[in-house]
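At position 15 of the sequence shown (counting the first as 1) the number is -2 in the working numbering, and the numbers step up by one without a gap.
To be clear, the hints were calculated from the coordinates, so they are not data collected in a lab. Backbone N, C-alpha and C fix where the C-beta goes; we use that ideal spot for every residue, glycine too. A few of these clues could be false.
[To be verified] Computed Cβ-Cβ distance ranges for the label pairs, DEER-style: (1) Glu55 - Ser(-1): 16 to 22 Å; (2) Leu50 - Arg71: 35 to 41 Å; (3) Ala61 - Glu6: 31 to 37 Å; (4) Thr39 - Glu16: 20 to 26 Å.
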Amino acid sequence: MTALLLDTHVLLWWLSDDERLPERMRVAVADGENEVFISAASAWETSVKAALGKLTAPDGLREELKLQGFTELPVTVADGLAAGALPRHHDDPFDRMLIAQAVQRGLQLLSVDRRFSAYDVRLL
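Just need the whole structure built from these sequences, with the hints factored in.
Right, dumping it as structure tokens:
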């Protein structure tokens, strides 16, 4: 079993069955042997960007996450401190939080953002 953390765009692509989701990520998320985590930071990012008109947020996101069998990952004070201490390769606060959470918990992070590879984080 592998513990996975989905970047926000990977989550949205999964939920909408978007063709931009790479096949290797689609297979990993679909594998019932893997535990899939969704950070509270992704819900926050989705709702903020939806309010700004930058994306369309799915209705009933929390209920959909439960239906998918995904595990909610809260943001802790330790996560905030770890995100703030990361090198400044990437300044998006939501992405920095996801990177910090993945590192802190030994999760494999699923993202297509090439800037994530500048960090010492397990990526798919």
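The hints, checked one at a time:
In this structure the supplied range 16 to 22 Å holds for glutamate 55 paired with serine -1, their Cβ-Cβ distance being about 20 Å. With their beta carbons about 38 Å apart, leucine 50 and arginine 71 fall inside the hinted range of 35 to 41 Å. Roughly 34 Å separates the CB atoms of alanine 61 and glutamate 6, a value that falls within the hinted 31 to 37 Å. At about 31 Å, the CB distance of threonine 39 to glutamate 16 disagrees with the hint of 20 to 26 Å.
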